[in-house]
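Trainee: Residue numbers (UniProt numbering), protein chains in the order written: chain A, 1 to 374; chain B, 1 to 256.
Heads up, some of the hints might be wrong.
Here are the simulated lysine-lysine pairs, DSS-like style, with alpha carbons at most 25 Å apart [what the hints assert, rightly or not]:
(1) Lys90/A - Lys132/B
(2) Lys54/B - Lys87/B
(3) Lys120/B - Lys90/A
If you want a taste of the chain A side facing chain B, the calculated C-beta under 7 Å gives, among others [unchecked claim]:
(4) Trp17
(5) Tyr87
(6) Ser103
(7) Ser122
(8) Val172
(9) Ser315
If you're looking for bench data, these hints aren't it; they were derived computationally from the structure. Beta carbons: idealized from backbone N, C-alpha and C, even for Gly.
If you want the building blocks of each chain, they are given just below.
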Amino acid sequence: MQVQIHELVGAVHEAAWLPWAVQYFFLIAISVTALLMALPGFLSGRADQLPRARLALMVAVTTGITAPIALLADLHQPFRFWEFFVYTHKTSWMAWGAWVVPSYVGLTLAFAWAVHRPGFASLGREDWRFAWLFRWLSLGGESNWFARPLGIAAGAAALGILVYTGMEVMVVRARPLWNTPFLPLQFAATGCVGALGVMLVLERALCRAPALEARLNRQLALALAVVGALGVAWFALASSGLSPRHAEALASVAGFPVWYRIATWGALAIAVPFVLALALPRNTGWVTGLIAIHAAWMFRWTVFMGGQAVPKVGSGLYDALMPAGLDGLMGVIGTFGLWIFLLIAYTTFLPWQEAGAPQDRAHPATPAKSAGSF
Amino acid sequence: MDATRRGFLGAVGRVTIGAAASVAGASQSAGAAGAAPDDSGHRPHWGMVVDLRKCIGCQACTVACIMENDVPEDAFRTHVSVYELVKDGQDPAMVMLPRLCNHCDNPPCLPVCPVEATFKAENGEVLVDASKCVGCAYCVQACPYDARFINHETQTADKCTFCFHRTSVGLLPACVETCVGGARNFGDLNDPDSEVSRMLRDNEVSVLRPEMHTNPNVYYIGLDDVLDGRVAGEAAYHAEMVAGPGHDAAQHGEGL
């Protein structure tokens, strides 16, 4: 039977999760994947890994502080945030996230403080205007043996963030585009792409170490390959019908020209930096880094805003354009502004180039004098 | 014609009186909360049966709900979707589909609420404690019926309550009370003698999105299968309708 349907009267449902949510999921994914990339360097103490680990920690800390602010802003009752901790609903992934997020941020900041403590103490001993501030920041000591357990705990919390952010969105059956088992993996893989993109840009801006740039580009190519493989597998499962949930997700957007364009754009956003990073690992950091950042952000915009533009019961698609006000463009700019401010503050006030592996309990720590060793 | 009209009005009266009686009967023992069982231990379980054969798409229910519940602009707790169906090239048919919260027995909006602001009342209504809601909108995402929204005046999740404040004192929900054609029928699904129970027994009924297994308490008589989920048709809404002429607005479905 052939049926033609014209909706004559219907309601349009606005997106309930605003671009603030895109910002949060973008920043927190970058933060946790960057922290996981920072830990091996700091915990192993291998000198050749430290420059990359320092960049990764900088990214983890600055995005880790910014992300929860975007999350808070996405609440329509932000001053009721305390209720998350008073009325925890065990069946809600968001409720668990309310505990995991501050744990992660707290542990990451504590870990960062611990690895920088010898540097703070060193600056506190010098005769200069702000020595008192760094003596205060070092809390009167320079031992940092506890950085290892703090780092491991922060790493565990980072894994918790990856699990909760992925599951929180994946369990929403009402949105087929979200309700796919691949989504948590895609969030993690694109988070790695975004983190490596930021690290590449920072490497170009702060370090200009060709060897580090090439290494980051190779790792970016690997992350992009994983993202591409996940995308191909997603499409294969959906188009073959092997996975009904993926098939439903594909069916929910199939037939709309805008989604064909999104798929093309997505493929290009993976392929172009992949080829560049592999073929020209040196002197392409700006380009590959910026494309990688854009790819990670646009993936989340497509998932969240595009996903909410698919009606649950109505016809067609709703609009998912960026509003100009605080709920949209200004919020996005503001969040990025805060992040850039934190990056400037981090690189200006912290002895980040001296951060080294934590020392053993028996031996006092000394700052790693490797500022020029990139 | 007169006989038809008299019969139609008579039927409306019987349905409305029947539904009102079942609500009133429960409220006598239920008190202000409308939740406690009566002396025999009977606890009402509210449900709605929408007879689509009687809906004329007048939107009186939509307006009554807005007025009764102070629903803000650009949002609806209930409304009537209207579709034109053309089957196998036959003459087009106008089909009405009143939509509202389905007050599911297995509501997907409930487990996702991080602060337990959404809860299932004892009489089956799915309600939101606005004093507890943080406005995270997770429930809005989880509802498969697009029945929830963020109320921008209260900044909390909002939805149909089956007019809890009215049923608690023995009144019908505003949409049922005002339904011109008698399409909306409300009553106690636990009472086998209630009008809604009789309608469920005597008619073939459907629910929206049965594949979601939410066990809705809103039933439809005469629901076409092509309308019980996401309706694959040409949408009423186009971006240029909002932007107006002269704006470079994205075409519908092109606005990502």
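Trainee: Next, verify each hint and record whether it holds.
Mentor: Going through the hints against the structure:
no.: 1; hint: Lys90/A - Lys132/B; result: 16 Å, holds
no.: 2; hint: Lys54/B - Lys87/B; result: 21 Å, holds
no.: 3; hint: Lys120/B - Lys90/A; result: 16 Å, holds
no.: 4; hint: Trp17; result: 6 Å, holds
no.: 5; hint: Tyr87; result: 4 Å, holds
no.: 6; hint: Ser103; result: 16 Å, violated
no.: 7; hint: Ser122; result: 44 Å, violated
no.: 8; hint: Val172; result: 5 Å, holds
no.: 9; hint: Ser315; result: 4 Å, holds
Going through the hint list in order, the structure does not satisfy hints 6 and 7.
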